[in-house]
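On the provided structure of chain G, position chains U, V and Z as indicated by the hints.
There are 4 protein chains.
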Amino acid sequence: MGIAIMTSGGDCAGMNPGIKRFVEYSIEKGLKPYLICDGLEGLIDNRIQPATHADVAGIITKGGSVLRSSRSARFFEPEYRQQAYDNLKAHGIDMLVVLGGDGSFRALDVFYREFGIAFCGIPATIDNDIFGTDYCLGVDTALNVIRQATDQIRDTASSSRRAFVIETMGRDCGYLALVSALTSGAEICLIPELPYDLDSLKKRFQAEIADGRTYMIAIVSEGVDFAPQLTRWLEEEVGMEARLTVLGHTQRGGSPTVLDRLRAFEFVTIAIDALVTGSNDGVVFYKNCQMATRSISEVVSGRSEISPVYLEEGRKLTR
Amino acid sequence: MGIAIMTSGGDCAGMNPGIKRFVEYSIEKGLKPYLICDGLEGLIDNRIQPATHADVAGIITKGGSVLRSSRSARFFEPEYRQQAYDNLKAHGIDMLVVLGGDGSFRALDVFYREFGIAFCGIPATIDNDIFGTDYCLGVDTALNVIRQATDQIRDTASSSRRAFVIETMGRDCGYLALVSALTSGAEICLIPELPYDLDSLKKRFQAEIADGRTYMIAIVSEGVDFAPQLTRWLEEEVGMEARLTVLGHTQRGGSPTVLDRLRAFEFVTIAIDALVTGSNDGVVFYKNCQMATRSISEVVSGRSEISPVYLEEGRKLTR
Amino acid sequence: MGIAIMTSGGDCAGMNPGIKRFVEYSIEKGLKPYLICDGLEGLIDNRIQPATHADVAGIITKGGSVLRSSRSARFFEPEYRQQAYDNLKAHGIDMLVVLGGDGSFRALDVFYREFGIAFCGIPATIDNDIFGTDYCLGVDTALNVIRQATDQIRDTASSSRRAFVIETMGRDCGYLALVSALTSGAEICLIPELPYDLDSLKKRFQAEIADGRTYMIAIVSEGVDFAPQLTRWLEEEVGMEARLTVLGHTQRGGSPTVLDRLRAFEFVTIAIDALVTGSNDGVVFYKNCQMATRSISEVVSGRSEISPVYLEEGRKLTR
Amino acid sequence: MGIAIMTSGGDCAGMNPGIKRFVEYSIEKGLKPYLICDGLEGLIDNRIQPATHADVAGIITKGGSVLRSSRSARFFEPEYRQQAYDNLKAHGIDMLVVLGGDGSFRALDVFYREFGIAFCGIPATIDNDIFGTDYCLGVDTALNVIRQATDQIRDTASSSRRAFVIETMGRDCGYLALVSALTSGAEICLIPELPYDLDSLKKRFQAEIADGRTYMIAIVSEGVDFAPQLTRWLEEEVGMEARLTVLGHTQRGGSPTVLDRLRAFEFVTIAIDALVTGSNDGVVFYKNCQMATRSISEVVSGRSEISPVYLEEGRKLTR
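Chains G, U, V and Z, in that order, give the protein sequences.
full-length UniProt numbering applies: residue 1 is where the first sequence begins, and numbers increase by one.
full-length UniProt numbering applies: residue 1 is where the second sequence begins, and numbers increase by one.
full-length UniProt numbering applies: residue 1 is where the third sequence begins, and numbers increase by one.
full-length UniProt numbering applies: residue 1 is where the fourth sequence begins, and numbers increase by one.
With the rest of the complex left out, here is chain G:
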């Protein structure tokens, strides 16, 4: 029984530990594992090869994905999906494990309904915005990359009496920014989920500066799209010299933390177990500390939300 793995959409840390676990556990289960390179594009172009232990030797410590990833426009077209199916059939593959985001899951759900190739999706995106799961692969590593950068910036902020605005990734989800703010002692945090009050912030900080505050850290989620403006506002309205740092793609990389390696291990184990026992349309969720599979319709049925406890605390950083 052939089973294949691909990493799709945006890349993140944890994918490589997942690929390693995939190969080892598949072999343990008496399956024939295959690797698909370059995500859906590679599925279309038959970049599919049998996998051995040697293929995954040493990759557990590496960030990103050795299989690479892609966003595929061609997969939207039936002829290319037919091609993808023909490729899988030729290799004798009838089960797919996919590490990626909900976009990839939807695509494979369509594929499943057309061709019957069972798949199990593993939520993997540093944005942590897939509905139904408390955790997406890559988030812990991204948070710790942000933490290191924020600690470095704090050194220079405190030495130069400046305000620093740090823009994090997240698409439309403020999780990375909010958790980073709560765990770094930032003074301001702007995320899409919460309204903010600049006048209130201005009053508060002018008072604190008069009272001795010498520097400040503000963390802004990219989804708010306000980091440069906030930087200018800090200089012009609040009266503190300010600098902006856009953290960028360092947030996608880095050797996976232990948590991301562990979750990758668990996600992939559950995914393969589910496929082997006949599950054919599912996504693995991590909810209430349990790994379980859910149907794709659940994933697309709602918007992910940040815990109210964090949001409650985050409000204080918006006014």
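Each computed SDA-like pair below joins lysine to any residue, with the alpha-carbon atoms no more than 25 angstroms apart:
hint, chain 1, residue 1, chain 2, residue 2
1, G, Lys203, U, Ile27
2, V, Lys287, Z, Ser304
3, V, Lys287, Z, Glu313
4, G, Lys202, U, Glu28
5, V, Lys316, Z, Gly58
6, Z, Lys316, V, Thr277
7, G, Lys202, G, Thr318
8, U, Lys29, G, Glu312
9, Z, Lys32, V, Val309
10, U, Lys29, G, Thr318
11, Z, Lys29, V, Pro308
12, Z, Lys287, V, Asp134
13, U, Lys32, G, Glu312
14, G, Lys287, U, Thr269
15, V, Lys316, Z, Thr52
None of these hints come from the bench; they were simulated from the model.
What follows is chains U, V and Z alone, placed relative to chain G:
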């Protein structure tokens, strides 16, 4: 209403973020926060002082505990517990938050029954061996310290065709060693919870070496007390040059990871909420992804256990 | 004999180890050490205090400067320099150690000629652009911050088949960018010191991409002011999806590396020795592996240059 | 013209950047590069293969050596050296670059005198004990591994009021220990090069403890062979609880720092230039900030020494 915090027993990362959250949240709740230095010894010797925001500025990034910790023999004696009580009374403190291990919780339980000072314990030990909670503060940071060291050792192991034995902490609990082994691709893992079969391991590795294996990583928990012997066995029986690295106290230190900062935040918030609402004998547990308080009798009623899923996987590394 | 230290201009790692060495060595030499906060601004506003061992306990591991830094417009005006002098006289300080850039050295040279306060400057700037010295404090730590970020970006670049442009600091000096490119295997490096040929680069990379190259790293010095344009050029002309990361102020921070701590120790030792033996207008240089003092006129007499060996190698990354 | 590279003796960071530079620069110079695996043992057993760019893609960030290393007993015997020579002749290789220690240089010097195969040695050992050169590859990375571990231990030392003894590598050279002590603020440092006075240390620390000192860091070089005894002495004589951490082989690993990558680049460039211009018995030294070749007889003519400036400062940590 006076509320005080102490860190007790072995120190670990996450204690400082917890202390910071304690001061800020206490003030938010209209309480008067106090800091007790040097754990139970400091409680006896009145090293108690009122806390301000300035006391906790910048500590969120620091490993260890700025309040320091202690193991107290004197606290076992009633006269010193009386002294401790008198100190608290003099300061008007009637609530205690304690970050530490079950030893500290038991001591404060006795203290509560004698003097009625309510306390809430927060499990904090890198050994992750407190019954009832899935997570103890400090574990994630310790795991990532081990990960970095293991990655460094892997460089030299692969370059010198050697087997490396790495001894981790854990007291009698193999959690640190097992999770480290599973997330680093180690070939052998010995922990107190699992029997091991040296003959089986010898057969397996002699075959793998004949087949091309050039190096090996073995992770041994201190509770097994076998690391030096395993190192000798690798050289004499398996036939691969071997070296031992005892990781030691680096595992206790390091800037707290984001997860440890987040859990510290959550643990302390729940602890203060519980005390304020009249709970007077409890420990905060993190179970099934929820923070909740439980009575001390639950803590001492059983032995912590590692998840069967991990143990199952761990067995393969023992034979 | 009073001797004071200040950190001036841009902050950098290594300043804190320098401040610690200053206090300890001054005391050893029988001098009375003073700390000046906030650079020249603090000198004007009398933020001067006697220093003790306690002031510098634990700072050796910290990035930035606990004394903070400033760029002073007021110091250009004679009345404020008079005020500064009066402050020093009041404290009995007649020797100054200054960690900063050539701007600070020039200011203190003027001050010396007016008031006779001997100073010794220590080159400290991550840009590494002070003429006469091979090494400026802060450079090694900045290079390793860039290295970590580049390694993280390489993970995602290789996983997503993209070209990544990384903009580093440096003002008008390409040292940070060039050394980073040479030690990270970057494919392109644009610095102010070297002309570049986009057509030649385009030909070369289009051939390499046809031949199998899947991703690319380009490092651009801020002094070239071309990073966004290069990013667009990569997408539009070379035909590879491209992203830009501006590393920003993380390059100023971070716990000082061993080299920066060692150089700080050496720089400060030489500076104090020079002042004690009557030198009254000098800068400490690190040249040919020796620490030696030179007069300020030497510093301002030329432009720093990057080693021809590095430039030679760098040319290959411009065409 | 065939030129080959091997890494020999103990492994260290910087070897991989050196191997990468070797392949690229050899090709640039119109030479045919070869890789020898497993040091002298591989030379004997013909583990020699032609090198391509693909062989060294991505290795610049990796610790250790992808060619691995060995200590060869067989190379002492003429028949095996003959075998080694025959292997090189068969491949058309008449130039060797060797990254290793003086033991490897001596062996290849004998080999050169017997068979005329020119070699250029590059000093590579974390012990930094090769006479004639100020710098050996791998030292900067090792120092920063020690720094991180020492910072982690400082967290727990200060939290638990303990003295910590940290044993570093170094064979008979105290460089690693001494520089680590000077740049981490350690209170005690014992190295082979300096006598120490326990009575004096005891008096001093008993006074400091009475005066408020709560913890202590001692760094001991393995060459002194006294770390466990010092630990006991601290508890029994000085009266402070003490723990020992032997840093072990983590000191050999880790991604090479920028300095090690840069020196590797420079060392290899000079080595290949020297061989190409007809030098046939030499070692590359880094002295007074210059790379230059010297004859092997110079290397073996003396013992390396630590700078008197560092030793002077180190004395204060021995009594």
